[in-house]
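A.B. asks: Chains as they are written, first to last, in our numbering: chain A, 1 to 350; chain B, 1 to 350; chain C, 1 to 350; chain D, 1 to 350.
Keep in mind the hints are simulated off the structure, nothing from the lab. Incorrect hints may have been included.
Unchecked claim - Label pairs and their calculated CB-CB ranges:
#1 B:R201 <-> D:G46: 18 to 28 Å
#2 B:W192 <-> D:E263: 56 to 66 Å
#3 D:I208 <-> B:S54: 19 to 29 Å
#4 B:T206 <-> D:T206: 51 to 61 Å
#5 A:S186 <-> C:P43: 42 to 52 Å
#6 D:T29 <-> C:R2: 18 to 28 Å
#7 B:S340 <-> A:E217: 14 to 24 Å
#8 C:P27 <-> B:E263: 51 to 61 Å
#9 B:G306 <-> A:N203: 50 to 60 Å
#10 A:Y182 <-> B:K225: 33 to 43 Å
#11 B:G306 <-> D:L185: 53 to 63 Å
#12 B:S340 <-> D:E199: 46 to 56 Å
#13 A:N203 <-> B:P27: 48 to 58 Å
#14 B:R201 <-> A:N203: 26 to 36 Å
We put the beta carbon where it would ideally sit given N, CA and C, even for glycine.
4 protein chains.
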Amino acid sequence: MRQLCKGNVAVIKGAILAGCRAYYGYPITPASEVAEAAALYLPQVGGTFLQAESEVAAINMVYGAAAAGVRVMTASSGPGVSLMQEGMSYLAGAELPCVIVDVVRAGPGLGNIAPEQSDYFAMVKGGGHGNYRNIVLAPASVQEMADLSMLAFDLADKYRNPAVLLADGFIGQMMEPVDLEYRELSAPPKPWAVQGTAETRQNLITSIFLEPDQLEEHQRKMEAKYIRIQNQEIRHELYQADDADVLLVGYGIVSRVLRSTVEEARREGLRAGLFRPITVWPFPSKVLAEAAAHVQKVLVVELSNGQMIEDVRLALDGKVPVEFYGRVGGNVPSVEEVHSELVARTAELV
Amino acid sequence: MRQLCKGNVAVIKGAILAGCRAYYGYPITPASEVAEAAALYLPQVGGTFLQAESEVAAINMVYGAAAAGVRVMTASSGPGVSLMQEGMSYLAGAELPCVIVDVVRAGPGLGNIAPEQSDYFAMVKGGGHGNYRNIVLAPASVQEMADLSMLAFDLADKYRNPAVLLADGFIGQMMEPVDLEYRELSAPPKPWAVQGTAETRQNLITSIFLEPDQLEEHQRKMEAKYIRIQNQEIRHELYQADDADVLLVGYGIVSRVLRSTVEEARREGLRAGLFRPITVWPFPSKVLAEAAAHVQKVLVVELSNGQMIEDVRLALDGKVPVEFYGRVGGNVPSVEEVHSELVARTAELV
Amino acid sequence: MRQLCKGNVAVIKGAILAGCRAYYGYPITPASEVAEAAALYLPQVGGTFLQAESEVAAINMVYGAAAAGVRVMTASSGPGVSLMQEGMSYLAGAELPCVIVDVVRAGPGLGNIAPEQSDYFAMVKGGGHGNYRNIVLAPASVQEMADLSMLAFDLADKYRNPAVLLADGFIGQMMEPVDLEYRELSAPPKPWAVQGTAETRQNLITSIFLEPDQLEEHQRKMEAKYIRIQNQEIRHELYQADDADVLLVGYGIVSRVLRSTVEEARREGLRAGLFRPITVWPFPSKVLAEAAAHVQKVLVVELSNGQMIEDVRLALDGKVPVEFYGRVGGNVPSVEEVHSELVARTAELV
Amino acid sequence: MRQLCKGNVAVIKGAILAGCRAYYGYPITPASEVAEAAALYLPQVGGTFLQAESEVAAINMVYGAAAAGVRVMTASSGPGVSLMQEGMSYLAGAELPCVIVDVVRAGPGLGNIAPEQSDYFAMVKGGGHGNYRNIVLAPASVQEMADLSMLAFDLADKYRNPAVLLADGFIGQMMEPVDLEYRELSAPPKPWAVQGTAETRQNLITSIFLEPDQLEEHQRKMEAKYIRIQNQEIRHELYQADDADVLLVGYGIVSRVLRSTVEEARREGLRAGLFRPITVWPFPSKVLAEAAAHVQKVLVVELSNGQMIEDVRLALDGKVPVEFYGRVGGNVPSVEEVHSELVARTAELV
C-alpha cells in the first residue's frame, strides 16, 4: 500500500507490521510524532501505548515488556536517550530485544530542535555502563524508516539485543511516499521470556552476575554474539564507487546530499563516489576498506563535530587519507557547499 | 601530611583541598565511600553534602551549584553515571565546571561490584546528547586519587568544562599512604556565574541556542576550547619505553600490572616498555605515536572488551600492529598472565 | 460461579466483571496480590497491566486512562496512597472516574504490614489539595471485595468521581468463598472523554480554572454532586439494633468482631446492636442518628486512634454519649476483649 | 527591627531567627517567594538552601536533615503538600521535628493560584498514612508569619513532631510592617539525632516497628504526646466575645474580615463576637465551648466548602446551632458580604 507519510509515522507503521505491540515513551521534539502515531495506531491492533513519567521510566517499561517476550519500542531524541542510557545498558546486559528510535536533534545539552548527527557516539559506542553493543541502523529515507524499523525488530529478536534506529530531525519530519506491505508476523518463539505461565516461571532475566568468572563468561558469550552480528549483518550502499578517485562517506540525511554531490562532481570531471553505511554498528569496515582501496582520498561528512570519522579511520587504518567536513547546530550543508569543499580538497585529483 | 587512606576517601580530601564545597550524589558500590567521606568532611569546612533522590537529581544539583560558581562534585559507578549522561551533556553544553568521579564496576547493566574499565566509551566518547567532550583523568594510585582530584577542579574551572576521574573499584577501595599538603585556594573568579547578586543577575547559564547559526557558533567556540585542551593538557607516563621493542599500553590499575610485567619481561630478555595515559581525554596521541615509533608491536591491556584500543589505533594510524588483551567481569589479570600473553605474541622479537 | 478466593484477588475479579481494562500500580504489602492478580487477569481480557516507576507515576497514569474513558484502577497501602494524594485531588478536580483500593496497613510512616484502619482520615476527609470528596466504600468480606469493586466502578462513572475501596490487611489477605456472576458490561457512554477521535478532540479534561468565579462555579457544581451522592448512595448494615440499649459502630473487619460481640452481649443479657457503615463517605449520618435515637450509649470501635468517631459524633450531634475503643499497630481486638470493654462501660444498662 | 515585609519572606526571617539552617523545597505559586527568600538568606548564615527535583524529594531531604538534628523547613502549596503526605507521615512516625509552610491556593487539583483554605483537612486531619497529628498554626498577619514560624520550630523540637504553618495566598503575598528581634538561639539538645559522631552512631530514626505490640506501644506514646500538646499548646484570640449573641469563627485572613464584620454588626446593634483559632491542631475546643456557652448562634466562615466547621461542631457538640458561610475558588468575601449574611441569619437576635 503506497502512501504519503512522515518518517516519524512510518517508523511506527513499520513497527506494527513487524508485530510491535507495546510502546512506552515520553515526547520530545523532533521525535514527538512517533509517540503520537504510536498512541493512535497501537490500540487499534490491541497493543499498548503509554506515556511514562520520564524517559527513565519509559526505558524500564521497555525492559519489562521485552522480558515478557513482547515486541516493544520507544523513541526519543538526544536529551531523552541520554536518560535512557542506564536502561539500555540493562537491556543489553540482560540480552533483551527491543527497538529504540533516536530522532537526533542538535546538541549538546538542550541544544535546539533542528537536525544533527551528534548522538553517534552515544548510540554506537554506547553511553551506558559498558562492554555492550547496540545494533544501530541509519535510515536515509521515509521508506527506510519503515523498512529498517521492521529489520530492527527482526535483528533484535534474532540476537536478543537492543536495536537502535539512528535517524535525525530531517528524516523524522519529512514526508515521502512509502510502500507498506502486510507481512506475516514472524517473531521467533521466546522460551526465555517470563510470561506468567508455569513453564516460564523459572526463567530469570537479569544483568547481575555476582561472580567475576560468571560475569566474564556472560560477556564472552555476548562478545561471540557481537562477532556473529559483525559477520552477518552488515548493510551498506555504494554509489559510483567503482572508479572513484575520491570517496564521500556519510549516513542518513547527509548521504542524500552526498549522492547529489557525487553527480555534481562527476559533471565537473571529478570521479567521486559515495559510501553509505546503513548499519553503523556493526560498521561496514571491511567493505569500506575494499571500496576505498583504490581511492586517493576519503571525505567524511557529518552533522557533528566528527564522530563516525573515527570508525572510518579505524576501518582504513592509515591506508588512505581521511578528511572531515562537518556542520552542526542544525545547519545542513547544501550540495554546492559540499561540492566546493570537495573541489578545494581535491585540486590535485582532477 | 602523610596518611594511610582509601582511594575513595583521598579523592574527597583532594577535592576539599582544591576548594570543593558541595557534593550531591547517590551511593553505589564501589563508590559509596566517596559519599561517606563527603558527608563527613564537607560540613566540617562549611560545605554542603546532600544525598539526592537519584543520580538524575544529583547531577542536576551539580549543575545548579556549578552555575552559582561553587566548586562542586559527585561520584558514582556505571549504572549511576549512565543516569547522569543527560546532566553531563547539559553541563558541557552550558560550559559549567564540575568534577565527576566514576569508580568503575563491572558491566554491562548491573554487572557486579568488582572492578572493570568498561565505562571508557561512556566517559571518553561521551554518552550524553552529543558534540561535547569531558576532560577525563585516570588515576593509578591513591595518591593520584587526591592529586588528580585537585587537578580536575583546576582544569574544570580553567576550561569551564566537566572533568571526570575515571577510577575503578581497585583504586577506589585500596589503601595507600598519601601526602596531602594544604594549598592556597585558588579558584579563578567566575564573573559568568549566577550568584544572587545584582551584578550577576543578567548572567544566563544555558545549553539552549535555538538558532542553528547561534548554536553552531557556540559549538565552534567549544571545539576551539577542546583543541586548546588537547594542545595544553596532555598527561602521560612512560616507563622503560626508550629502547622498547614492544610497548604495553594501559591505564589505571592495569598500568601497575603492566609496569611489573615490563620488569618481568626485561628479566627474561624482552625489551618491553609501558605507556600510561593519565589523561584519557585528551588522549596523548602524539606522544604515544612518538613512543611507539620504533617498536615492533603494541599490546593494549584493558579491563574491558576493548575500548581504549580504538584511541590507541587512531593514534598509531596503522603504523604499528596493535593487539589487545582484556579481562572482564571483575577479573584482573596477574603479572604472570599478562607476561605469558606477551611472550606468546612476541616470540619473533626475542 | 462460586470459588474460594483471597480478598486481594476478588477485588480484581470484580473489577474485570465491571469492565475494568487498565491497572497501573506499584506493589506494597499487604496490597501486592492485587497487582499480581491484575497482571495475571487483565491481559487475558485484552486489558493493560503496568507496574509504574512509583505510586506518583501510577496515579497519573490512572488519570490518563480515566480521561480516555477507560475503566481503570490502582491499589496500594498507606505509604503508597499517601504518594497518590496529589493525583487523587487532580482526578476529583477534573471529575474523572476511577477506583483506588487501599488495603490499609499499620501506620504512621512505614509502620508495619499488619492490618489497621488508620487511613480513614486520608481517604474520607481527603489528604490532597482540598475541597473535594472521594466516594469511600468499606468492604467487610471477600464477597464484598468483589461486589463493592463493581459498585465502585458504577458509582465512579455515574458521578464522575474517584471511588475508594477502604479495605484492610485482613480483608485483603483472607480467603472466603465468593460468588461471581458474569454481568452485562454497562459502563455509560462518556462523551466528555478524550478518545483520539475527531469528535472528542475538543474535549478538555482539567482541574485548572484560573478565574476565581469560574473555579467557584466549578466547585459549586461539584458540591451539588456531593449532595446528590449523600442523598442517593448511602449504604449501611444494621444488626439487632431495633431494641438495642447500646449500639456498637464499626466498619470493615471490625464489624465482624462487633457482630459476634453483639451476640455474646445478648447471651449475657445486654441488648447490644451493631451499626456498620458500608459507605464511609457519604457517611450514613441520618440512618445512624435514627438507629441511635433510642440507645443509651454508642461505642465506636476502630483499628485506629479514633478517626471515624468524628463522623459518628457529628452524626449524633451530642444527643447520645459516644465512647471509643481502639487498637492499633496491627492488633485486632478479640470478641472477648470488646465484650469486656462493653461490660465495663455499660454496667448501668444491665 | 521594624521593616516592611511580605508574608512569604517574613516566614523565612522568623525561621532563621529561630535557628533554621536548612531549606529543601520546590517552588509553586503562591509559595515561591518562600523559596526565593530561603535561597537568599540561608547561605548568609551558613545554612543550606536546595531546590529539590520534586516535592517528594524535598520532604525526604527534610527528613534527613531533621534526623541529623538540624532545624529544617520546607514550603509549598496544595499540589505540592499533597505530594509530601507520605514524607509528613514518616516524619511524624519517626518523631522528627520540622516546619512545613503551606501557603494555600484554590483547589482541588491544580485549581488556581488565588487564596483558599482548602488544605485544612489535609493538614489538620492528616492526609498521609495515618494515626498521627501535625501541629498546625494559622497566621493571620505578616507579623504572625514570622512569630508563628519561630513558635513552630520551638514546638516541633519540644514535642519532636512536624509543625505546619497553614497560611494562604493573601497572608503570603501581602506586605505589612514586621518587628523582628534577634533572639538567643535555643534549640534544645538532641541526643536522639544521628550526627556522624561516635556517640550518636547507635541512634536509630525510624517509623518501622514490625511487631504489632511494639508499634502499638509506639503509637500509645505518640498519643500521650498529642494529649500533652492539646493540654498545653492551645492558642486562640477572642474579640468582643464576652457579651456576644452571635459568634463568628474564622482563621487566617478570614478572621480579619470577621473582625471588621463584628465592628460593623455592633454599629448596627447586633452583638457579634469573634473567635479565632491560632492553633487549628490542637483545636481550641474547650475555650471555644466556653466562649460560645452563652451565644445563640455560631457562624463559621471559611474559604472552603466547610472543613474547620467539623471541628467547631465537634467542640460544641450540639449545644449551639452552627451555620456556615464559605467562598471558594479564590474569592474572599468582603465585610459587607459577610455582614449581610450575618444579618439574614440573625434577624431574630436583634
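A.B. asks: Quick check: which numbered hints come out false for this structure?
C.D. replies: 4, 5, 6, 9, 10, 13 and 14
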